[in-house]
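Colleague: Chains as they are written, first to last, in my numbering: chain Z, 1 to 230; chain E, 1 to 230.
It is possible that part of the hints are untrue.
Which copy is meant is left open, so a pair is good if it fits within one copy or across any two.
As the list claims (entries may be wrong) - Taking lysine to aspartate or glutamate pairs in the EDC-like style, the calculated list, with each CA pair at most 16 angstroms apart, reads:
| id | residue 1 | residue 2 |
| --- | --- | --- |
| 1 | Lys-226 | Asp-194 |
| 2 | Lys-114 | Glu-69 |
| 3 | Lys-6 | Glu-118 |
| 4 | Lys-114 | Asp-78 |
| 5 | Lys-210 | Glu-172 |
| 6 | Lys-226 | Glu-30 |
| 7 | Lys-144 | Glu-30 |
| 8 | Lys-6 | Glu-30 |
| 9 | Lys-144 | Asp-183 |
| 10 | Lys-226 | Asp-195 |
| 11 | Lys-210 | Glu-118 |
No wet-lab data here; the hints were simulated from the structure.
Protein chains: 2
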Amino acid sequence: MAMKKKVVVLVSGGLDSSTCLARARGAGHECIALSFDYGQRHGAELQAARRVVAALGASEHRIMRLGLEQIGGSALTDAEVAVPETPVEGIPVTYVPARNTIFLSLALALAEAKGASEIYIGVNAVDYSGYPDCRPTFIEAFQKVADLGTRTGSVGDGVVIQAPLIAMSKAEIIAEGNRLGVDFSLTVSCYQADDEGRACGRCDACRLRKAGFVAAGCVDPTRYQKGFLG
Amino acid sequence: MAMKKKVVVLVSGGLDSSTCLARARGAGHECIALSFDYGQRHGAELQAARRVVAALGASEHRIMRLGLEQIGGSALTDAEVAVPETPVEGIPVTYVPARNTIFLSLALALAEAKGASEIYIGVNAVDYSGYPDCRPTFIEAFQKVADLGTRTGSVGDGVVIQAPLIAMSKAEIIAEGNRLGVDFSLTVSCYQADDEGRACGRCDACRLRKAGFVAAGCVDPTRYQKGFLG
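Sequences and hints are given; from them, build the entire structure.
Modeller: Given below as structure tokens:
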């Protein structure tokens, strides 16, 4: 029998991180869920994170306030920058400067303070929006930072970064989530969801999600805002 | 003539980061000073940071709130853990989990959002407290994260981490600060300074600072708390 591990799971309330939490739970780990109230325009995300954690279970759910809107530089944290509703070339304006570096840093601190041995992050590099901090090379680089920059890491017993979805397509993630019992109706992916968590259907996150459900061949439980015709 | 660069400088209010800001100013850079109100027990540090930035000059001084006391795991962020007053072996309890990783991550985000090309951090690995996140290998590893995990880095134009003091002893840093006109009476190093910024004289930070001034052969302007005899 595998030993029960204590792990920190980054949970945004979207379908990737929810599947990630389900993986960690499915492996029998004690999960500390970590979400960030970072000034994101889609506050419905945090409500979704709460629902997902309640449904899948965790020993605790930390929601850390982080004023990234003071930093800006992204359509997700700056109300003045519009979320694009048509596909773009390259890295989109929804890129939040160094977001995964910041999230992993705080997860690393929490893991070390709590004696957790792993961090789960739901990044994927196949059907994604082109964000540089979702790629395998980035995760490997951050692993090195965790190994060198912490007390536990410096004695060879560092926190391990787990990115179990990194090589999966969106359809594969959805299939995996279904297998693990994730209720995707609780999740919100849309960058500009309304207060009830209803999606716009037009942003990049909505497009990737929709295509994923189509490719996975299963029912898409996403609730759309009035006026969106699919 | 060197081009004027825009840089982010991490300023804690201690003597290392103050010398670091003086270096960046001395190089003629436009400096965005960044400090963190991270729940540290030594609030006098932030007052010192404000004084130092006002004296040395910066285009702006950002003070970001960061609730590391919610994470704990250190004598500096957990009021229940006492600051040691005698030298210890290995990494001391004043180590804050992943602190420099967190600080550099947020500096990286700010640099990217503001179009700054460098981050100055005053870490040094000679006369230091044994913190793993002050070593050259850690800085190199974080540089890689910055190169791979950001928009600018992914196109080969990433933010460069500058750690100009990393190979200096405390005495050398003090000599450099004096040369650059740093008023060390404005700085606070003590982990348990009182509200007026007076040092305890007994903690690790005080011991390193005191020994540094002795070795540098110059006047130590540190103000000590009543009852401390030096």
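Colleague: Could you run down the list of hints and mark each one as holding or not?
Modeller: Comparing the hints with the structure gives:
1. Taking the closest pair of Cα atoms, Lys-226 and Asp-194 come within 16 angstroms of each other only inside a single copy of the chain (10 angstroms); across copies the shortest separation is 58 angstroms, beyond that limit.
2. In this assembly of identical chains, the alpha carbons of Lys-114 and Glu-69 lie at most 16 angstroms apart only when taken from different copies (13 angstroms versus 28 angstroms within one copy).
3. Taking the shortest Cα distances, Lys-6 and Glu-118 sit within 16 angstroms of each other inside one copy (7 angstroms), while across copies they are farther apart (37 angstroms).
4. Only between protomers do Lys-114 and Asp-78 lie at most 16 angstroms apart by alpha-carbon distance; the minimum there is 13 angstroms, versus 33 angstroms within a single protomer.
5. For the identical chains of this complex, Lys-210 and Glu-172 are intra-copy neighbours only, at 13 angstroms inside a copy versus 60 angstroms across copies, given an alpha-carbon limit of 16 angstroms.
6. Within a single copy, Lys-226 and Glu-30 get their C-alpha atoms no closer than 40 angstroms, and across copies no closer than 49 angstroms, so neither meets the 16 angstroms cut-off.
7. For the identical chains of this complex, Lys-144 and Glu-30 are neighbours neither inside a copy (24 angstroms) nor across copies (31 angstroms), given an alpha-carbon limit of 16 angstroms.
8. For a Cα distance limit of 16 angstroms, the shortest separation of Lys-6 from Glu-30 inside one copy, 5 angstroms, qualifies, whereas the shortest one across copies, 45 angstroms, does not.
9. Neither within a single protomer nor between protomers do Lys-144 and Asp-183 lie at most 16 angstroms apart by alpha-carbon distance, with minima of 34 angstroms and 37 angstroms respectively.
10. In this assembly of identical chains, the alpha carbons of Lys-226 and Asp-195 lie at most 16 angstroms apart only when taken from the same copy (13 angstroms versus 56 angstroms across copies).
11. Proximity of Lys-210 to Glu-118 under the C-alpha cut-off of 16 angstroms is found in neither arrangement, the shortest distances being 31 angstroms within a copy and 40 angstroms between copies.
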